[in-house]
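Number of protein chains: 2
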Amino acid sequence: MQAYAEVSTEELQTLRKKLSAQYKEYQSRDLRLDMSRGKPSIEQLDLSMGMMDVLSSEDDLTCEDGTDCRNYGGLTGIREAKELIGDMMEVAPENIIIYGNSSLNVMYDTVSRSMTHGVMGSTPWCKLDKVKFLCPVPGYDRHFAITEYFGIEMINVPMLPTGPDMDLVEKLVASDDSIKGIWCVPKYSNPTGNSYSDETVRRMARLKPAASDFRIYWDNAYGIHHLYDHDQDHLIEILAECKRAGNPDLVYKFSSTSKISFPGSGIAAIATSKNNLEDIEKQLKIQTIGHDKVNQLRHVRFFGDIHGMVEHMRRHADSMRPKFEAVIRILAQELDGLGIGTWTEPKGGYFISFDSMEGCAKDIVARCKKAGLVMTGAGATYPYGKDPYDSNIRIAPSYPPLKDLELAMELFALCVKIVSIDKILADRKSAEAQA
Amino acid sequence: MQAYAEVSTEELQTLRKKLSAQYKEYQSRDLRLDMSRGKPSIEQLDLSMGMMDVLSSEDDLTCEDGTDCRNYGGLTGIREAKELIGDMMEVAPENIIIYGNSSLNVMYDTVSRSMTHGVMGSTPWCKLDKVKFLCPVPGYDRHFAITEYFGIEMINVPMLPTGPDMDLVEKLVASDDSIKGIWCVPKYSNPTGNSYSDETVRRMARLKPAASDFRIYWDNAYGIHHLYDHDQDHLIEILAECKRAGNPDLVYKFSSTSKISFPGSGIAAIATSKNNLEDIEKQLKIQTIGHDKVNQLRHVRFFGDIHGMVEHMRRHADSMRPKFEAVIRILAQELDGLGIGTWTEPKGGYFISFDSMEGCAKDIVARCKKAGLVMTGAGATYPYGKDPYDSNIRIAPSYPPLKDLELAMELFALCVKIVSIDKILADRKSAEAQA
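Taken in order, these protein sequences are the chains called A and B. Going from the first sequence to this note's numbering is simple: count from 1 and add 51. Going from the second sequence to this note's numbering is simple: count from 1 and add 51.
Chain A with its partners taken away, still in its complex shape (with noise of 0.2 Å):
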């Protein structure tokens, strides 16, 4: 195919009247076709229903340890709950503390908590002038949206496809103890589906900072998320990288079982060292007396172990890889060789990051909007929802049945070729213009 930026403006302009009609079919049908967030599908959901059936009142609720399950305490989570979240998570479970349903309200909390109390010792961050995070971009928009709550500075970092540009990061938190922590989903990366290179993690772990309190945030989110048996990104494990560098409370890692089990009745977990885990302990016995400890038994009966919970995942990646192809085949089909958008073709994860050409991502949006598809909106992949480039849309392809996830990504190219041919139009009329 050729570039649209080759084809003259009168076959363009052609073109986009073929693409109208096409458009108006799609509107005419009142699709309702949502791809907004990285929600699991029914189909997945389906796969976790043992999970009712593992606990019944015939069942001893008591752990190995006599902890009765039923009753109050166990702070910091049961032995069994630690031991396989510390194998998903590949930490000791002595490095683990489980919490409650949701991993972003353990990221929210520890955010909070360094607000009011400060890291180890250092100043509450609510007492310093100006507090700023670094935020790898395109990223979370739920990462970002808890520092914008609490008025810290977010600093646009670009991610590159191997993980967060450390020369910058590196020369950032080195020079200015005001940044406190950095924005990580070194996995699987939401939204480009990206893996952090090892050397992007060996920087990370050698990081210097100039802040004693600042942390490395490190939500590894989709640890276990592959689409395929063998051709996995490997992630080097950051806890022990940054032990083996000297650096041993340099990191919070963040996980749950929300895209493993049921979102929403999950269970999270924050791993970190010891120092780190006593900081935060202090704060937890005064926040709670524990977590759903019922909970969490039920999800280790029902995984039994690493094992069972990976063979879980292969069931999932079953219904997600079709998802993943289908995107990517759509998007090659339509849009290859037109030079009005790039994507990335993740391994594993929830996410396809698209970019379009500067200046049209919120267009797109909204045209797809206006024929029924919701995807994340423009702009969300940045603090503050400000996409420089207006370029980034995250493709969440989970949520629908192939069928409509298809239909959407057919509408979504044509959207995107739509807007594109007013872009280079537009474009070319204000340089004649200006001529």
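Please keep in mind that the hints were generated in silico from the structure rather than gathered at the bench. Incorrect hints may appear among the rest.
The list cannot tell twin chains apart, which means a pair is met if one copy fits it or any two copies do.
[To be verified] Simulated pairs of lysine-lysine, BS3-like, Cα-Cα distance not exceeding 25 Å:
#	residue 1	residue 2
1	Lys178	Lys259
2	Lys178	Lys333
3	Lys413	Lys336
4	Lys420	Lys336
5	Lys181	Lys222
6	Lys437	Lys69
7	Lys437	Lys336
8	Lys75	Lys474
9	Lys336	Lys183
10	Lys421	Lys69
11	Lys333	Lys437
12	Lys294	Lys325
13	Lys69	Lys480
14	Lys75	Lys454
Quick caveat: nothing in here was measured; it's all calculated off a predicted structure.
Add chain B to chain A, keeping to what the hints say.
Positioned in the frame of chain A, the structure of chain B alone reads:
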């Protein structure tokens, strides 16, 4: 019986020896009795085992409005749960947010949010030089722990049989705008077991605080935790009373099913005005995508409605009533007329409050411990763990089986006698020395 104060020194010394022998006999039995916390007994936990059967893989986990409880979403809780908990809390479903498993956590988050973001637009408390809370005493140690953790100054207010000393409360909140809250357990209070009188509730609702961001922290933890079918305390509903008084935003009401279904695996809630809810939701949507809806649905399916919950609480009462009655019977039997202690006789809740002679509580608790009986630490019922009279001891009858409880209370009464005699004899000695 004769009051110890009127018994001769010689007789007291003889009695002391006899009691010492009894105490040694207890010590030789290697007892391990725990009455330190308000934990439901195993018998009570067994009452809720049906919870494990109401949802199976054959069941539809969908709400009446079509919400799939297994997936993300539902920030403020499912409608069915709001209706059930609304009936439990005596407020409309519209005034409720359902949280995770712990009302303590909700209270912590409420104070934490006020620290970082203020209340309905007020200055964040962390930006103020001084923040104070009123603490009716004796009270609940975990309330005091939250305010202490955030550096909030706590001011003791005496608990009368009718509730907090309202003359003092009214005077303080009207005159000092650094006073931002008051901790209340209004029904079957922790630890006295007393409930606020109608006049107290009415005066609470009519408070004229100097601080616009002052709120009543109304922890109605024992709202339906009666011991008797008819002889029950009744509390005026505070949200409605505040509305009638023209103070609709004055109160946050907290509750949970922790001592109804399973502690640690229940559901917690806040009930408050529309304005307060809006303020809270601004934060909540940053903190989480939603709490555990499957567990909310589990509670709804298990209890059915408020009548089912009330019937369930009658079964709890059948377990608790004999324990409360045993404590009161043994205290009366052993201590009536001796002038060395007073205690409350609640009609519900989880605690009985005991007041020893001044300066004896720590010694009594220590002496119990040396014979294998763990009581709540003396002083725990006061802010900063400091009981100015060293006299209050919280008795938690729920957890031990009845036989153990009876043994524990006999031992407790014995320790009260020994410590009281020692105190009287020491006082007499120092009076003689001074003379």
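Results for each hint:
no., hint, in the structure
1, Lys178 <-> Lys259, "within (23 Å within a copy, 31 Å between copies)"
2, Lys178 <-> Lys333, "both (20 Å within a copy, 23 Å between copies)"
3, Lys413 <-> Lys336, "between (45 Å within a copy, 24 Å between copies)"
4, Lys420 <-> Lys336, "between (46 Å within a copy, 24 Å between copies)"
5, Lys181 <-> Lys222, "within (18 Å within a copy, 39 Å between copies)"
6, Lys437 <-> Lys69, "neither (33 Å within a copy, 81 Å between copies)"
7, Lys437 <-> Lys336, "between (39 Å within a copy, 20 Å between copies)"
8, Lys75 <-> Lys474, "within (20 Å within a copy, 93 Å between copies)"
9, Lys336 <-> Lys183, "between (28 Å within a copy, 22 Å between copies)"
10, Lys421 <-> Lys69, "within (18 Å within a copy, 90 Å between copies)"
11, Lys333 <-> Lys437, "between (37 Å within a copy, 21 Å between copies)"
12, Lys294 <-> Lys325, "within (11 Å within a copy, 49 Å between copies)"
13, Lys69 <-> Lys480, "within (21 Å within a copy, 108 Å between copies)"
14, Lys75 <-> Lys454, "within (20 Å within a copy, 79 Å between copies)"
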